[in-house]
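Visitor: Those protein sequences? They're chains S and C, same order as listed.
So that you can map any letter, position 10 of the first sequence is 10 in my numbering, and since no number is skipped, the others follow by simple counting.
So that you can map any letter, position 102 of the second sequence is 102 in my numbering, and since no number is skipped, the others follow by simple counting.
I should point out that these hints are in silico values taken from the structure, not numbers from a laboratory.
Check before you lean on any hint, since a few could be wrong.
As the list claims (entries may be wrong) - Calculated Cβ distances over 12 Å to all of chain C for the following chain S residues: (1) Ser200; (2) Asp238; (3) Val282; (4) Tyr293.
As the list claims (entries may be wrong) - Using C-beta positions, here's what the derived DEER-type ranges look like: (5) Lys223/S x Ser78/C: 57 to 65 Å; (6) Asp178/S x Thr68/C: 49 to 57 Å; (7) His297/S x Met1/C: 55 to 63 Å; (8) Arg204/C x Glu103/S: 20 to 28 Å; (9) Glu245/S x Phe206/C: 54 to 62 Å.
Claimed, not checked - Where chain C lies over chain S, by a calculated footprint (3+ residues, C-beta under 8 Å): (10) 243-254; (11) 263-274.
Note that the coordinates shown come from a computational prediction; the quantities given were computed from them, not determined experimentally.
Idealized CB from N, CA, C, for every residue including glycine.
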Amino acid sequence: MKANPGYYDYWPYENRPKITWPGGAKIAFWVAPNIEFYELNPPENPHRKAWPQPAPAVPGYSIRDYGNRVGHMRQMQLLDKYNIRGSISLSTALCDHHPQIIELCKERDWEFFSHGIYNTRYTYGMSEAEERDMIRDSMESIFRHTGQKCAGYLAPALSHSDHTIDLFAEVGTELFGDDAGIYTCDLFHDDQPTPIHTRSGKRFMSIPYSLEMNDTIAFVVNKIPPRQYGQILKDNFDRLYQEGEESGTVMCIPTHNYQVSCPHRLKAFEEALDYITSHEDVWVTTGREIAEYYREHFFEKAKQDIENRVLSLRGGSNHGIG
Amino acid sequence: MALDKRYFEYPERSYGMDHGRYDWSMLTDRQAIQWPGDKKLAVWINVGLQLYPLDQQGVPFKVPGGMTMPYPDLRHFSLRDYGNRVGIYRFLRAFSRYGVKPTYAVNTELAHQNPYLLEAICRDDHELICHGWNMDCLHYGGQDKQQEAELVAKSVDGLRELSGEAIRGWLSPAKNQSEHTPELLAANGIDFHCDWVNDDMPYRFFTDSGDIWSMPLSTELSDQFILMNNLHSEQSYVEQILDATEMLASETTTQGGRILSLQIHPWMLGQPHRIGKLEQILAHLAERDDVWFATASDILDTFTSQLK
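Pulled out of the complex, with its shape left as it was, chain S reads as follows (with noise of 0.2 Å):
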């Protein structure tokens, strides 16, 4: 075990080059749903129970059904209304099961990227070979199905090894060079794309996902009311829009239809998409449109201004910052 992941350097958020984003937008805004297979009755794992009753656990898994039966259309109904396309995290066996969600989500050239195989299937006690087979399984998937070549990777339930994201740079590597396994959203440590380390060395990123507006967060492990989720999601885009005006921020809301599509919940959610997108300066994007689009225009100054500001100041000193 490290101290540290060591994924990426300490950065100031002050005096950063300036991000400026397509179209002089001031932030680049994009929802994430994340559209999940749980499974019944899974293979236990002895780091992380599944489920809390003996299987069948009706509750847990009936609610996440209620997401692809019921909630899915909900909230692709909402997005269509305001002009956004949703960036997927999905369970790739999805595509197997329920092949007329990727569909309709395909038609409307909604990016998927990788969130493993299935939410019951932990990356814990996996080796390394294993890991890379079931990152590997889930980037084919996705191609398979989709056409497209997975840019991201957010782990199952946020499950990690010491290798995840060494593993899913590589591997998005080894299947399509450059467009593939660029950007990571397990990090919550920026408002801002950073420059991430990996043992291959790529130009790698963490897109910021945020934990704090992700909806099942929200709900059920904070317990926050729905019409008070609403106004936290405004109040959130507030200040990273104010903020964006010196340098080009990102707003994320990850999603899941099983939360955000409960009819109790769905108007604030709609309340908050309308506030946002009625702003202007605002880029309505996708996680990969925004990892790329840095990559491009701020990825090798961001190495440069943490060389600059960061690491020579440390390795100029010798007691150290880090």
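Let chain S serve as the given structure and place chain C on it in line with the hints.
Guide: Coordinates of chain C only, in the frame set by chain S:
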């Protein structure tokens, strides 16, 4: 710890569900249903009438709402009992005032112990469904099949005998089931269960003893979930129900009729500081011209009679 080889096998990774209980189907792909009188929203008020034993065994888990303190947990025992003594009579007045036709999910042991209560809830138009034996008699994966078979039979037959009513519906305590529960329900003449929260409309559920129906009783909108689990305010409870009402009603403009199902408990909303919130919701629903107050069976029968 290394993982078993099975962890990397995906035997159910194919079209549809990963089990054989029901067909995969998106709500928007289904036939539109019309409620009587061209109403848009069927409102199913489902009251949990529950007995939480003081000597709770908690097998295989402690039922939410049950005893949490060392024995004897008098605070929770008596607070739950409050609902059956006091809170329910506030409910009855409110139902009568706003023309609600309630469905009561009753623990059979409670009906057995309290004939007065059973008689009181049966005075006005209503439906009774079976809510198992008591809140500590759970149905769960790995349960002995014979033991569960006796539990289901005792609960369903008992409520039929005590009430003289047909008892077509079932709600498991804690909405938890074993791998055999659906078969046992079908074998005991149950037409529908309300445990699976994966839909907003009824759907066909397969068992080895014949098909039953799954009825959509929302957990997310239940008073216990919002107030006790999520610790939201009473005002927020009202807002959530009204927002849900609005959303479901708006969906009926492009799709068929929808169901607003409210699971409520007299030990929760029957408290003096909360009953007004229930009345506020019922008053709103009663004023709407698109609402049909109906029992679970009313809704299911209307639904099945229209299926093509």
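Visitor: Give a verdict on every hint.
Guide: Hints, verified against the model:
no. : hint                            : result
1   : Ser200                          : holds (24 Å)
2   : Asp238                          : holds (23 Å)
3   : Val282                          : holds (26 Å)
4   : Tyr293                          : holds (34 Å)
5   : Lys223/S x Ser78/C: 57 to 65 Å  : violated (27 Å)
6   : Asp178/S x Thr68/C: 49 to 57 Å  : holds (56 Å)
7   : His297/S x Met1/C: 55 to 63 Å   : violated (45 Å)
8   : Arg204/C x Glu103/S: 20 to 28 Å : holds (25 Å)
9   : Glu245/S x Phe206/C: 54 to 62 Å : holds (58 Å)
10  : 243-254                         : violated (count 0)
11  : 263-274                         : holds (count 6)
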